[in-house]
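The chain contents come next:
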Amino acid sequence: MADTALARVPGRPRRWSLPRPVVAGVGPGLSVLYLSLLVGLPVAAVISQSAHHTFWSSVTQPHTRSVLEFTVLVALGAAVIDAVTGVALAWVLVRDDFPGKRIVNALIDLPFALPTIVAGLVLLSLYGPSSPVGVNVAGTRIAVLFALLFVTLPFVTRAVQPVLLTLERDVEDAAACLGARPWTIFRRIILPAILPATLTGASLAFARALGEFGSVVLISGNLPHTEIASQVIFQDVENGVPQSAAAIGVVLLGMALVIFLLLAFLTRRNAARHG
Amino acid sequence: MGKYALRYAVLGYLALLLVAPVAMVGYRTFQHGVSPVWDALSSHDAVQALKLSLLITVIAVPINVVFGISTGWLLARRRMPLPWLVNALINLPFAMSPVVVGLAVFVLYSRTGWIGTYLFSHGIPVLFTWKAMTIATIFVSLPFVVREVVPVLEELGSEQEQAAAVLGASTLQSFFRVTLPAIRWAVVYGTILTVARSLGEYGAVNIVSSNIVGQSLTLPLYVNNRINQLDPTAAYSAGLLLAVISLLILVGMTAFSSRRHVEADK
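Here the protein sequences come in this chain order: A and B. Going by my numbering, the first residue of the first sequence is number 14, and it counts up by one from there. Going by my numbering, the first residue of the second sequence is number 13, and it counts up by one from there.
Don't read these hints as lab results, they were simulated from the structure. Think of the CB as a built atom: it goes at the ideal place given N, C-alpha and C, for glycine as much as any other residue. Incorrect hints may have been included.
Among the chain A residues that face chain B by a calculated CB cut under 7 Å, a handful are [stated by the list, open to error]:
#  : residue
1  : Val52
2  : Pro55
3  : Ala58
4  : Gln62
5  : Ala64
6  : Thr77
7  : Gly90
8  : Ile94
9  : Leu123
10 : Ala126
11 : Val135
12 : Phe163
13 : Val254
14 : Gln256
15 : Ala269
These stretches of chain A come out as covered by chain B in the derived footprint (C-beta under 8 Å, 3 or more residues) [as the list claims (entries may be wrong)]:
#  : region
16 : 96-107
17 : 148-155
18 : 169-177
19 : 203-214
20 : 227-235
21 : 257-267
22 : 274-281
Chain A side only, calculated, beta carbon under 10 Å to chain B, not exhaustive [claimed, not checked]:
#  : residue
23 : Leu54
24 : Ala57
25 : Leu81
26 : Phe83
27 : Leu86
28 : Arg115
29 : Ala119
30 : Asp122
31 : Pro124
32 : Thr129
33 : Gly133
34 : Leu162
35 : Ala193
36 : His238
37 : Ala285
Generate coordinates for the entire structure from the input sequences, incorporating the hints supplied.
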């Protein structure tokens with residue numbers, strides 16, 4: 014992640030000349046001021062808005078609680094499925110060869126390029142009420158899972174692919190010579206190597222799924238049992254109760270924070286282990 | 013035969029989740045020929061939505077590119093105080109749900125918000141106008157350029173900039189003639205991602221928009237509005253337009269993604 018990329022490179026001089034006052038003071042000052050106004054202040058405003066005596070009651074209210082439970086559960090489900098399909102996809106893209114592989118490889122990024130509402134529209138057109146194949150999942154919890162799987166598709170694949178590319182084939186050949194079955198080779202040699210990347214990708218997918226909105230609204234049908242957290246936040250704002258929206262927003266923020274702190278910790282530990 | 017089983021399982025999964033639904037939108041859009049699509053896209057409301065999306069993008073992208081390059085340079089050259097805090101703030105928009113971003117802008121600029129109180133008392137409406145939608149868009153697309161530029165600048169090192177300084181170049185000269193040419197593909201790639209996000213953002217702008225058809229809808233908001241108003245032709249036409257734009261963006265991404273790091277390896 015960004016902060017590991019920023020790890021100090023030993024031996025590189027910290028400063029190479031006397032910085033001019035403009036660069037040394039005003040530049041960083043402006044940058045920090047801009048960031049604080051654009052990002053820091055709104056986030057602080059939401060946290061302050063949620064710091065209301067109703068915080069606890071709005072988060073633990075039965076409907077909100079069940080929505081939060083479903084949100085975490087369905088995001089977790091999407092992340093787990095992504096971990097399996099993502100590794101399989103990365104494997105096929107790195108180790109297999111077939112005509113059109115480059116197109117498939119480029120297609121993986123489509124969910125990142127496609128606007129979320131179009132992702133929802135796309136799923137609605139095939140798996141909605143007027144489905145030509147007779148599969149209508151609109152308004153069910155499966156539809157929410159579908160939408161989340163669609164938008165989080167690239168995370169695990171893109172995390173695992175570079176690791177698979179750098180993996181030494183010799184070790185696998187040696188294992189095969191010693192009589193290891195393909196499954197054993199995968200479990201004992203490949204899986205340990207790609208596990209950190211898989212976990213990173215799945216955590217990113219989980220974080221993304223927790224807050225997803227655009228791809229879900231069209232196909233979930235706005236029903237109480239298919240609602241996820243961001244939809245409740247949206248409705249609370251529309252209904253003029255921003256305190257409640259802010260409370261749920263802060264819960265989402267907190268969960269995202271925990272995920273990213275865990276990821277930073279994992280990346281650091283991994284970097285330390287592999288030098 | 014495990015190899016083939018895995019290959020076709022993976023391709024089947026992609027076909028069902030990704031390819032077939034996207035193709036279906038194309039089919040749905042042109043189900044009744046080209047002229048209804050053209051009529052739908054040239055209607056006043058659709059044109060307004062496209063114009064608003066473009067306006068927001070045209071403002072948000074340059075701001076994020078300038079901010080991204082300058083802040084990225086300050087971070088990579090260790091001129092930034094409290095880099096961990098700056099990094100955290102830069103990454104925050106990616107960690108946040110777009111709806112929470114919209115909510116944050118809403119709370120800050122609402123009549124009782126910290127900035128909104130002042131703005132409303134001076135008769136400068138921001139919330140529920142294109143201004144708030146632009147602010148929300150700048151917020152969600154903020155990290156793209158910085159995050160592309162920083163690793164390339166790190167790889168590049170500062171030796172060439174030092175050489176330029178020794179030869180008497182001013183900071184600005186060395187930036188425009190040494191640094192910028194070296195990171196240009198990373199900047200292009202980050203810009204493409206910023207454009208994609210700005211054109212396609214839905215959740216964040218939805219909360220701060222007044223959602224009036226023909227006035228304050230962006231293209232993604234218009235798609236949702238048409239579905240809710242049971243006007244699928246207009247929804248699919250606008251959706252397909254966005255999908256085509258993102259396919260072009262995808263082609264751009266594929267073309268530039270390999271080039272952006274090569275530059276630094278020279």
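Tested hints:
Interface hint status for Val52/A: upheld, as the beta-carbon distance to the closest one in chain B is roughly 5 Å, under 7 Å. Checking Pro55/A against chain B: minimum C-beta separation of about 3 Å stays under 7 Å; hint holds. Taking 7 Å as the C-beta contact cut-off toward chain B, the hint placing Ala58/A at the interface holds, the least distance being around 4 Å. For Gln62/A, the interface hint holds, the least distance from its beta-carbon to any beta-carbon of chain B being 5 Å, beneath 7 Å.
Nearest Cβ of chain B to the Cβ of Ala64/A: about 12 Å, over the 7 Å cut. The hint is violated. Given the 7 Å rule on beta carbons, the hint for Thr77/A is violated: about 15 Å separates it from the nearest Cβ of chain B. Proximity of Gly90/A to chain B is violated relative to the hint, the smallest CB-CB distance being about 15 Å (cut-off 7 Å). Hint status for Ile94/A: violated, given a least beta-carbon distance of 10 Å to chain B, over 7 Å.
Interface hint at Leu123/A: satisfied, since its Cβ lies 6 Å from the closest Cβ of chain B, which is below the 7 Å cut-off. Here the hint on Ala126/A is kept, as its CB sits about 4 Å from the closest CB of chain B, short of 7 Å. Here the hint on Val135/A is kept, as its CB sits about 4 Å from the closest CB of chain B, short of 7 Å. Taken as an interface hint, Phe163/A checks out: its beta carbon lies about 6 Å from the nearest beta carbon of chain B, inside 7 Å.
Of the supplied interface hints, the one on Val254/A is violated, with its beta-carbon coming no nearer than about 12 Å to a beta-carbon of chain B, more than 7 Å. With 7 Å as the threshold, the beta carbon of Gln256/A stays out of range of chain B, its nearest partner Cβ sitting at about 9 Å, so the hint is violated. For Ala269/A, the suggested interface contact is upheld, since its CB lies about 4 Å from the closest CB of chain B, less than 7 Å. Counting residues of the region 96-107 of chain A whose beta carbon lies closer than 8 Å to any beta carbon of chain B gives 5, which meets the minimum of three for the stated coverage.
Restraint check on the region 148-155 of chain A versus chain B: 0 residues with Cβ-Cβ distances below 8 Å, three needed, restraint violated. Closer than 8 Å: that is the beta-carbon criterion, and the region 169-177 of chain A has 0 residues meeting it against chain B, so the requirement of 3 is violated. Three residues within the 8 Å Cβ limit are the bar, and the region 203-214 of chain A against chain B gives 0, so the coverage statement is violated. Coverage of the region 227-235 of chain A by chain B holds [criterion: at least 3 residues with CB-CB distance below 8 Å; count 3].
Residue count for the region 257-267 of chain A with a Cβ under 8 Å from a Cβ of chain B: 5. That meets the three needed, and the coverage hint holds. With a threshold of 8 Å between beta carbons, the proposed coverage of the region 274-281 of chain A by chain B is violated, since 0 of its residues qualify and at least three are required. Checking Leu54/A against chain B: minimum C-beta separation of about 6 Å stays under 10 Å; hint holds. A distance limit of 10 Å between C-beta atoms decides the matter here; for Ala57/A the minimum to chain B is near 8 Å, and the interface restraint holds.
Violation of the interface hint for Leu81/A is found here, the shortest Cβ-Cβ separation to chain B being roughly 13 Å, above the 10 Å cut-off. Residue-level restraint check for Phe83/A is violated (minimum Cβ-Cβ distance to chain B is 15 Å; threshold 10 Å). For Leu86/A, the suggested interface contact is broken, since its CB lies about 17 Å from the closest CB of chain B, more than 10 Å. Of the supplied interface hints, the one on Arg115/A holds, with its beta-carbon coming within about 8 Å of a beta-carbon of chain B, less than 10 Å.
Because the smallest distance between the Cβ of Ala119/A and any Cβ of chain B comes to about 5 Å, under 10 Å, the interface hint for this residue holds. Hint status for Asp122/A: holds, given a least beta-carbon distance of 6 Å to chain B, under 10 Å. Below 10 Å, beta-carbon pairs count as interface contacts, and Pro124/A has one with chain B at about 7 Å; its hint therefore holds. At about 5 Å, the closest approach between the beta carbon of Thr129/A and any beta carbon in chain B falls short of 10 Å, and the interface hint on this residue holds.
Satisfaction of the interface hint for Gly133/A is found here, the shortest Cβ-Cβ separation to chain B being roughly 8 Å, below the 10 Å cut-off. The beta carbon of Leu162/A is positioned within 10 Å of a beta carbon in chain B (closest approach about 6 Å), and the interface hint is therefore held. Because the smallest distance between the Cβ of Ala193/A and any Cβ of chain B comes to about 15 Å, over 10 Å, the interface hint for this residue is violated. About 19 Å separates the beta-carbon of His238/A from the nearest beta-carbon of chain B, more than 10 Å, and the hint is not met.
Annotation: interface hint on Ala285/A violated; nearest CB of chain B at approximately 18 Å, more than 10 Å.
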